[in-house]
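Protein chains in written order, with my numbering: chain A, 36 to 337; chain B, -2 to 246.
Simulated from the structure, these hints should not be mistaken for lab results.
Every value quoted in this text rests on a predicted model; they were computed, and no experiment measured them.
All C-beta atoms in this analysis are idealised placements derived from N, C-alpha and C, irrespective of residue type, glycine included.
A hint or two may mislead.
One side of the interface only, derived from the structure: several residues of chain A facing chain B at Cβ under 10 Å [what the hints assert, rightly or not]:
(1) SER98
(2) ALA226
(3) GLU270
(4) GLY285
(5) LEU299
(6) ALA303
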Amino acid sequence: MNLQFVMDGTLAGAMIALGAIGVTLTYSVLQFSNFAHGELISIGAYITYLVAAAISATVIGSSEALAVFSFGWNVLLAGGVAMALTGFLAWGLDWLLFARLRAKGMAITLVMASFGASMALRAMLELVFSSRPLYYTQDLQIARAIGAGILVTPDQLLLVAITATLVGLLYVMWAHTALGRAMRAVSENPALAQVCGIDVPRVVRVTWYIGGALASAAGLLLGLLVQVRPQMGFEMLLPLFAAAILGGIGSVPGALCGGLIVGLSQAATVQFIGAEWRAGVAFVILLAVLLIRPNGLFGRRS
Amino acid sequence: MTKALLQMNDVVAGYEQGLPIVRGVSFTASGGEIVAILGPNGAGKSTFIKAVAGLLSVDAGTMVLTGHDITYMSAHLRARAGLAYVPQLHNVFATLTVLDHLKIGATLLPPAARKTQIEASLTLFPDLARQRHVLAGRLSGGQRQLLSIARAVLTQPAVLLLDEPSAGLSPRMVEQVFAQLVKIRAGGIAVVLVEQHVKATLAIADRAYVLVEGEVAYAGPAAALQNKNTLAALYLNHAHRPSATTGAP
């Protein structure tokens, strides 16, 4: 059996997991499904593109391919800058829109507002950049066989390593630091968290920041492996929510596992059944898991 | 007993603006005393304590904690200023361990003191020490109450507010919780206790307030309420309350 779907699914799962972690954090801390999260992925990818182009224009040789990879260090640096900027943008979106609606206590309005923000941000990207796809690099890479019939490019391996590092760092923060404890406390009981001395508004700001930064990282991965388009984040939205729900809302390891399951099932479907079934099979798995474990794989019971 | 650590003057509070539940309550609590807040159901005891903790906004009046005006301060800043609160329900984070709770409390302390205080707290509550890595959601009701108290006391507060800590506990566990409160009082903390268990509460309280319909019907020595008839008269007939301020500091 050709195991290529394992590599393809892991790559897709890594991108989905980075986005799903942002979705799960926002939902668990604010009890709010942010449908504009996909646009944070797109915006992160575009910021990376712009910053990489600016570095390339000012530092000669920065876009020269790094070792075995297809891109220069300008893209990696730009990815870091974009994570920081997209984090601030997510925080700003909350300050400008969601926090004001939250203060009025209207949950459904908040969700509808996130739909509105999603469409507005996507339209803005199309207006500024058009629908024409952009690429971080035009270099072609030759995939190498790593055994069991699996072909992989150095870019793909690096991106899996970047995802593993980011998720690992986030897990350490979530499970072992004061900030992580505060986030977990706020997600469970904001009123109790307040009387314990936790600055809940600060935790909310940090949550948005982290979610935005990880969305940007997902945008970088997607941009490197595929292309940069205004629709790229929106098209990820359903897999992101599927992964977050599958893993159990509020669980960082759950979002990672959910992302990998959705990515692997999509890739396996493409290889063994047909590309047209790709989205459908992932959601059948989601429904099956939820019927057996309504709180997802790692979710807590309500 | 020392000076008043918490002082409230004519506080009006409720869940909605213009619909006060607590109406013009004045109150003091000093270091090293247990002050009981008693009253019939619906008297406004829990509303009062939530207003002190900062979970409800105050419509009128002033609140002063260790000389600082906290009337319009947010709940988390009140906690940092030395006000610890143990709610009646949902008083622990079910998905966090016992140790996580103590670490959350310890963040209000200077970094150098945190580890020592956590260990001191576990010594004070040996039942929790044995379960330091257990999720709070797996503890019994009494153990959760003790954990919540341990987390609150760890912050070395000036004032500890407790909302019906005996609710739902077995008599043996109530005894254990109240014994801890007596120890905490000995440490110089002002303990403010909202309770329905009148007899057990009056046995450890130094002073008591009786709230009826959101107003103070009695303020004075707890011992003066030991007589069942006095308390019944206060609960049933607010209009016939005795002179309320005797014995207040």
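For each hint, the structure was consulted:
1. The closest approach between the C-beta of SER98(A) and any C-beta of chain B is roughly 45 Å, which is over the 10 Å cut-off, so the hint fails.
2. Residue-level restraint check for ALA226(A) holds (minimum Cβ-Cβ distance to chain B is 6 Å; threshold 10 Å).
3. A cut of 10 Å between beta carbons decides the hint on GLU270(A): the least distance to chain B is about 33 Å, and the hint is violated.
4. For GLY285(A), the interface hint holds, the least distance from its beta-carbon to any beta-carbon of chain B being 8 Å, beneath 10 Å.
5. With its C-beta approaching chain B no nearer than about 28 Å, LEU299(A) sits outside the 10 Å limit, and its interface hint is violated.
6. Taken as an interface hint, ALA303(A) does not check out: its beta carbon lies about 33 Å from the nearest beta carbon of chain B, beyond 10 Å.
In this structure, the hints that do not hold are numbers 1, 3, 5 and 6, in rising order.
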